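K.L.:
Let's have the full structure, built from the sequences with the hints guiding it.
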Amino acid sequence: MRKQKARICEHTELGPGLHSFWLELPEPDDVRPGQFYEIKTAVRFLRRAISLADKIEDRLRFIIRVVGPGTEWMSGLKPGENLDIIGPLGKGVKIPEEGSLTLLGGGIGIAPLLYLARVLSGKGLRVNALLAACTREELICTEEFGSLCSEVVTATDDGSCGRKGLLTQVLPSLQCYKESSAFYACGPEPMLKALKELDIQSPVYAFLESRMGCGIGLCMGCAIKHTDGGYRRVCLDGPVFNLEDITL
Amino acid sequence: MRKQKARICEHTELGPGLHSFWLELPEPDDVRPGQFYEIKTAVRFLRRAISLADKIEDRLRFIIRVVGPGTEWMSGLKPGENLDIIGPLGKGVKIPEEGSLTLLGGGIGIAPLLYLARVLSGKGLRVNALLAACTREELICTEEFGSLCSEVVTATDDGSCGRKGLLTQVLPSLQCYKESSAFYACGPEPMLKALKELDIQSPVYAFLESRMGCGIGLCMGCAIKHTDGGYRRVCLDGPVFNLEDITL
Amino acid sequence: MNFEIILAGQRFANPLVLASGTFSYGLRYTHVIDRVGAIVTKGITVSGRAGNPPPRIWDTAETVVNSVGLENVGLERFSQEILPSLRFSTPVYVNLAGVTTDDFAMMLDSLGKEERVSGFELNLSCPNVKEGGQSIGQSASSVAEVTSVCRKLTAKPLWVKLTSNFCDVRETAVSAAEAGADAVVLLNTLSALLIDAGQRHPFLGAGSGGLSGPAIKPYVLYVVREVSKVIDTPIIASGGVVSGLDVIQYLLAGASLVQVGSVNLQDPEACLRILAEIEKWLNERDLKTLADLIGKLED
Amino acid sequence: MNFEIILAGQRFANPLVLASGTFSYGLRYTHVIDRVGAIVTKGITVSGRAGNPPPRIWDTAETVVNSVGLENVGLERFSQEILPSLRFSTPVYVNLAGVTTDDFAMMLDSLGKEERVSGFELNLSCPNVKEGGQSIGQSASSVAEVTSVCRKLTAKPLWVKLTSNFCDVRETAVSAAEAGADAVVLLNTLSALLIDAGQRHPFLGAGSGGLSGPAIKPYVLYVVREVSKVIDTPIIASGGVVSGLDVIQYLLAGASLVQVGSVNLQDPEACLRILAEIEKWLNERDLKTLADLIGKLED
Ligand SMILES: Cc1cc2nc3c(=O)[nH]c(=O)nc-3n(C[C@H](O)[C@H](O)[C@H](O)COP(=O)(O)OP(=O)(O)OC[C@H]3O[C@@H](n4cnc5c(N)ncnc54)[C@H](O)[C@@H]3O)c2cc1C
Ligand SMILES: Cc1cc2nc3c(=O)[nH]c(=O)nc-3n(C[C@H](O)[C@H](O)[C@H](O)COP(=O)(O)OP(=O)(O)OC[C@H]3O[C@@H](n4cnc5c(N)ncnc54)[C@H](O)[C@@H]3O)c2cc1C
Ligand SMILES: Cc1cc2nc3c(=O)[nH]c(=O)nc-3n(C[C@H](O)[C@H](O)[C@H](O)COP(=O)(O)O)c2cc1C
Ligand SMILES: Cc1cc2nc3c(=O)[nH]c(=O)nc-3n(C[C@H](O)[C@H](O)[C@H](O)COP(=O)(O)O)c2cc1C
Ligand code: FES
Ligand code: FES
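Residue numbers (our numbering), protein chains in the order written: chain G, 288 to 535; chain H, 288 to 535; chain Y, 185 to 483; chain S, 185 to 483.
By construction, these hints were calculated from the structure, which means they are not laboratory data. Computed from a prediction, not measured in an experiment: that's the story for all the values here. The beta-carbon is built from N, C-alpha and C at its ideal position, and this holds for glycine as well. Among the hints, a few may not be true.
What the hints assert, rightly or not - Mimicking DSBU-like on lysine-lysine, the simulated pairs with C-alpha atoms at most 35 Å apart in a straight line are: (1) H/Lys512 <-> S/Lys413; (2) G/Lys480 <-> Y/Lys464; (3) H/Lys365 <-> G/Lys290; (4) G/Lys365 <-> G/Lys465; (5) Y/Lys472 <-> H/Lys290; (6) Y/Lys480 <-> G/Lys483; (7) Y/Lys480 <-> Y/Lys464; (8) G/Lys381 <-> G/Lys327; (9) H/Lys292 <-> G/Lys365.
Unchecked claim - Negatives, chain Y to chain S, calculated, CB over 12 Å: (10) Asn186; (11) Ile190; (12) Tyr209; (13) Leu259; (14) Glu265; (15) Asp286; (16) Pro311; (17) Arg335; (18) Glu355; (19) Gly364; (20) Pro402; (21) Val407; (22) Val411; (23) Asp430; (24) Lys472; (25) Glu482.
P.N.:
Here you go:
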């Protein structure tokens, strides 16, 4: 982990309030799926955590959804501008050696799974993806997943694309639901809660969020409740946790 | 006075930290030399006061010198962007009917005198200008003054352009020093102080600055000391004062 | 939609109050004054004050520091020149800034007869004067004394504006409430020092000033909430309001009225925008009555 | 150029101190710790604390609000696991957060023997815990009691970290000084409330938090200056430092050391930049000795 100035090479709007950036680092990082960067903005004191969404050669991709001042500011960035970033941070995903794996992405939570799909498929593992969003416009990166995964199922709350329904309503009807050796889930808290209730037998690794102070283990700001009653730091101990260890 | 969104049509760098902007207003204002606008920036809570530097048809010109965060922010504005401005504010200059007039501009203080030169010469009055700055690079708008004034004398502290010396050192040697019916002075406080000490017989109207809260008479933030012992508000009672009324 | 607030028997069209010192005496921008619940004048002293030497004001992105120092025309000119010139029907509260209890009594007595004056805000909290000001508001007994003397002299609403600088404002608020204040105003500015390091000298002409603006809102919200637990007297919040959401947060925390200060300097029409934001917020939630929100924060 | 500061007989390589809670226990970023005058650990309690429920942190452009709630491993694990792992020679001050006087005595007694512990910061000012914390620091007599008990138990430097929330910190500072503190630390965070208006509920999991960051600097500068007028005991400033200029301003106002807090969260290497800025400032003025600036603000 270190601080760098990353140059923005490309900025595309993927949907309403959804922005994709490709970045170039002066000293390229070795980075694992599930890791994230802390981005400095001009409008907030603390950095904002953004997951690595993809990496091709030495270029990094971030995908953001505008939810407040920090992400609003990012959405106005232009190619050629520099971004002050710290990373890669967090433990990221432990890449399995074998098995059949399913990615479960909801909304902006689809983004961090993309690089995971790339790495898993690069290892020759069988990867399925179930990608869900509220509407068609918010369903991002489906083509990229298509080229990396054995099977991609999409779902929208309003049925405007793919199956109609919530991710957790669609999931039980899929073959992978029974057959996957592990699941990787990233999405809003209600989705993760509902997943927890499905009581899936294979491990479910969840990409979690929390409001962060430092992102680097200094402040204890990023607490998340562990089933043992204590807290864990999303930034150091996560951001990827076994879903059954976490109280949501 | 009112709040408007002004569109930036042109931005040129005139010298080190010196920037000129031409603006277009949706509803053009009737504005007098010496008046100013309050500009909202993204980096400071209060607006920043900037004088009208020139006006041609319905376009307004501002010229700024970067001295802190607000002016630094302005220096990054690009054509096409909008500026949130309130104005015109202040009383401005009372334009004389006759006489021979001399403009005394020091540094960024040259800017507000430009529009005054245009209005005075437009009325057919005889206008001289003495323009001074630290170095050649900081001496702005001399050509424009040349086309509007009968005579333009320049001076720099380091002698890199025009006469060598401070404005108040050069002034006594000029013919206009004795003959002008009025002087209009804008420049840093030390220049105005030195002018006061020259004890000029004709009235000297000084364009004054102060740290402003509102710029519109609400807060009493912009006090300047009057020789009667009380304070005056630069924003409402000025910004142009008879130099002999003010304690510097 | 109903924005009305009743406080001490007085009706306010809405909870917005133009804070003292940020709308002068009310002679300008009357189209804004027309739309708010009340205006508080600049602090008035018995004989008037020239105010503090410049510079008097400074800011960052989220704060303002001022040291105006109660520049005002004095009681007499205020009665004779200002009051008759006010061109709006919005309630006018006069911010009184005495040094001694007698000063307050004298001003109250004189202005109490003026029909145009709806009520008073006792400024026991100005950080920008050497005498009076916050030195009164820092002592629970002084607050009690000034408030009770003033209470006896007027039947008009009496607000007491307090400070948290170097004191426990819960105690002074209890004092003010027990001495008969109709409302306590929380808070005046926080004492503040700016330093010109190169000169090794304070930056403001007066040496120090008072901190206001959006950055202090979480602190003032906390104080409002805590004081609301120890007094039943209505609270008027003052600190950092820039948006409709800020006003709603203060109401939830227990304030009945909400003063708008520094943001008027940035935009004299800020209150019009804030009112529109409140309306939108209520609409989105299908709420009808703003007063219903007061004190409704759950733990 | 000489950045050295001597305080209570201890030598500090420079006036920068990593503030409690913003550099954890000192296990990471040791290249930064190597360069500062001292590090204060996260607040330690006797049995450890899980901390407050999330969310625990929130910010604006110039403020941070936190409600970490003294999450820590407790005295025993701190002694056995943390202290032996520290890989730097910079002085370590342990921030002690007791509920009772006995808690402080017990922790001090146990840690006083540790060679690796250079001194103590008594945290009488945490706004984020229900018991202990700022409720001790709000009372001059409690400050006196805890400080004098601790003073008797250790010869190591004893700093007392105070609050200005709902109290007169000039009084508590005098209490701490008279009870034998080697320095008072001004200030801990200001109490703060954030409201989720839609939910009518506090936004932070703990209900309220503490405000820090650059916006509060003018306030804390004022407090440092005023307290320096009433005590001779050295002052350590804490509040809103982000630049070298801020450090210089605090020294001029009367602080001997200056803590750096929130900005570490934005950039763990902030102190390296701040040191470079101080050096540049001194160079430009041809000044040689930083300690010469302490208290040199003119009126
Ligand atoms: C490890 C990690 C990885 C992440 N990766 C990504 C990613 O790849 N892409 C992405 O888009 N996001 C990602 N996020 C989320 C991202 O960090 C946040 O969206 C971002 O920090 C928001 O910053 P902001 O300034 O835009 O909004 P903020 O102002 O910080 O607001 C964030 C949310 O808090 C709410 N809030 C704030 N104050 C209040 C209040 N008083 N009352 C009620 N609600 C309030 C806001 O309404 C909003 O919903 C990640 C987060 C983590 C922890
Ligand atoms: C009526 C009027 C008309 C004006 N017209 C123009 C114009 O046409 N063009 C133009 O360029 N300017 C003009 N000015 C000046 C302009 O308003 C200021 O330069 C501007 O407000 C500065 O804002 P800033 O945020 O860039 O700097 P600020 O941060 O506001 O700083 C301004 C100055 O204050 C000093 N300062 C601030 N804090 C401290 C401290 N703690 N210690 C020591 N010094 C400190 C800074 O060093 C700097 O020199 C005018 C001013 C007035 C009143
Ligand atoms: C420029 C200025 C002048 C002020 N003058 C007064 C005053 O005369 N009397 C008073 O009681 N408060 C005065 N105040 C304090 C405000 O009324 C208000 O209580 C404070 O600024 C906090 O609110 P805000 O953050 O909305 O500004 C003044 C504030 C400012 C910024
Ligand atoms: C995330 C966070 C955690 C903190 N934890 C503690 C603590 O455990 N003990 C303590 O005395 N102060 C704690 N503080 C207060 C800081 O040490 C410091 O006094 C305060 O933040 C003001 O300084 P700043 O504006 O530089 O941050 C904490 C502050 C922050 C932001
Ligand atoms: S965000 Fe600071 S410890 Fe995790
Ligand atoms: S700047 Fe507010 S009255 Fe002049």
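K.L.:
Take the C-alpha atoms of G/Lys381 and G/Lys327, compute the straight-line distance between them, and say whether it is at most 35 Å.
P.N.:
Holds, at roughly 28 Å.
K.L.:
Once the closest CB in chain S is found, is it more than 12 Å from Y/Glu482?
P.N.:
Its Cβ does come within 12 Å of chain S, the nearest being 5 Å, so this is violated.
K.L.:
Does H/Lys292 pair with G/Lys365 here, judged by a C-alpha cut-off of 35 Å?
P.N.:
Holds, because 23 Å separates the two Cα atoms, which is no more than 35 Å.
K.L.:
Sort out whether G/Lys483 lies within 35 Å of Y/Lys480, counting only the CA atoms.
P.N.:
Holds, at about 34 Å.
K.L.:
Taking the closest pair, is the beta carbon of Y/Val411 still more than 12 Å from chain S?
P.N.:
Violated, since 10 Å does not exceed 12 Å.
K.L.:
Verify the proposed pairing of Y/Lys480 with Y/Lys464, using a straight-line Cα cut of 35 Å.
P.N.:
Roughly 19 Å between the alpha carbons, so the hint for Y/Lys480 and Y/Lys464 holds.
K.L.:
Mind verifying the non-interface call on Y/Lys472? Its CB should be farther than 12 Å from each CB in chain S.
P.N.:
16 Å, holds
K.L.:
Using Cβ atoms and 12 Å as the threshold, tell me whether Y/Leu259 really stays out of contact range of chain S.
P.N.:
Label holds. Min Cβ-Cβ 31 Å, cutoff 12 Å.
K.L.:
Is it correct that the beta-carbon of Y/Asp430 has no partner in chain S closer than or equal to 12 Å?
P.N.:
Violated: least Cβ distance 9 Å, not greater than 12 Å.
K.L.:
Test the statement that Y/Asp286 is away from the interface with chain S: the closest C-beta pair must be farther apart than 12 Å.
P.N.:
26 Å, holds
K.L.:
Does S/Lys413 lie within 35 Å of H/Lys512 when you go C-alpha to C-alpha?
P.N.:
31 Å, holds
K.L.:
Using Cβ atoms and 12 Å as the threshold, tell me whether Y/Ile190 really stays out of contact range of chain S.
P.N.:
Holds, because the least Cβ-Cβ distance between Y/Ile190 and chain S comes to about 22 Å, which exceeds 12 Å.
Hint compliance for this structure: hints 4, 16, 18, 20, 21, 22, 23, 25 are not met, and every other hint is.
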